[in-house]
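Number of protein chains: 2
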Amino acid sequence: MEFVDILGYVAGLLTTLTFLPQVIKTVKEKSAKDVSLNMFLIAAANQVLWVIYGVLKKDLVIIMTNVLILVLSLTMVFLKLKFGRTTASPSDTL
Amino acid sequence: MEFVDILGYVAGLLTTLTFLPQVIKTVKEKSAKDVSLNMFLIAAANQVLWVIYGVLKKDLVIIMTNVLILVLSLTMVFLKLKFGRTTASPSDTL
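Respectively, the protein sequence lines represent chains H and P. Numbering-wise (my numbering), the first sequence opens with residue 1055 and increments by one. Numbering-wise (my numbering), the second sequence opens with residue 1055 and increments by one.
Just chain H, with the same shape it has in the complex (with noise of 0.2 Å):
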């Protein structure tokens, strides 16, 4: 395994935990007014793409990453569903 593959299997695993300090954050706190829907629905919609990105160029660092950060994002936008109406205002769904 070359650098560039070791460094990519690296910055794949900090992109993974990304979104986790925020689940879990979200999760202990009950709360996730501030937290914007649309971040993690245009995450969500977004991994979809980079994993048909990675397929197509084979690039298995580009399609493990985005599975996982799919999976966190759908649990965040459960979350924000969830916890995010605590205080309604028009705002809350930007």
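Just so you know, these hints were derived from the structure itself, not from any lab. You may find that some hints are simply not true.
A pair holds if it fits inside one copy or across any two, identical chains being indistinguishable in the list.
[Claimed, not checked] DSS-like mimics (lysine-lysine), calculated; alpha carbons at most 30 Å apart, straight line:
| id | residue 1 | residue 2 |
| --- | --- | --- |
| 1 | Lys-1112 | Lys-1136 |
| 2 | Lys-1082 | Lys-1136 |
| 3 | Lys-1136 | Lys-1087 |
| 4 | Lys-1111 | Lys-1082 |
| 5 | Lys-1136 | Lys-1084 |
| 6 | Lys-1084 | Lys-1112 |
| 7 | Lys-1082 | Lys-1112 |
| 8 | Lys-1111 | Lys-1084 |
| 9 | Lys-1111 | Lys-1136 |
| 10 | Lys-1087 | Lys-1112 |
| 11 | Lys-1111 | Lys-1087 |
Based on these hints, arrange chain P on the given structure of chain H.
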């Protein structure tokens, strides 16, 4: 330009836009209590690795995408530090 490249640019554009709704929401509401600081610190560190990965792989999609996300991540770190402490609690930094 092949289909896979166009797909990459579309995915890259969406990736770039991912953090934008959160930046807009936080600027408008001046509140980031529920937003995870660690998420954006990890994202910023990670974007640097992805830029290096993109340079080594000579992949312009990866490079361009991650430079822009780096800027948005650092913007959110700034906004979290500015607006995230309205209700101070130990878990604010998670």
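Against the structure, the hints come out as follows:
1. Lys-1112 <-> Lys-1136: neither (37 Å within a copy, 42 Å between copies)
2. Lys-1082 <-> Lys-1136: The answer is both: 13 Å in one copy and 22 Å across copies each meet 30 Å.
3. Lys-1136 <-> Lys-1087: both (10 Å within a copy, 17 Å between copies)
4. Lys-1111 <-> Lys-1082: neither (39 Å within a copy, 39 Å between copies)
5. Lys-1136 <-> Lys-1084: Both: 8 Å inside a chain and 22 Å across chains, each within 30 Å.
6. Lys-1084 <-> Lys-1112: Close neither inside one copy (39 Å) nor across copies (43 Å); limit 30 Å.
7. Lys-1082 <-> Lys-1112: The answer is neither: 38 Å in one copy and 41 Å across copies each exceed 30 Å.
8. Lys-1111 <-> Lys-1084: Answer is neither: 40 Å inside a copy and 41 Å across each miss the 30 Å cutoff.
9. Lys-1111 <-> Lys-1136: So Lys-1111 and Lys-1136 fail the 30 Å test inside a copy (37 Å) and across (41 Å) alike.
10. Lys-1087 <-> Lys-1112: Neither: 39 Å inside a chain and 40 Å across chains, both beyond 30 Å.
11. Lys-1111 <-> Lys-1087: Neither, since 38 Å and 40 Å both go past 30 Å.
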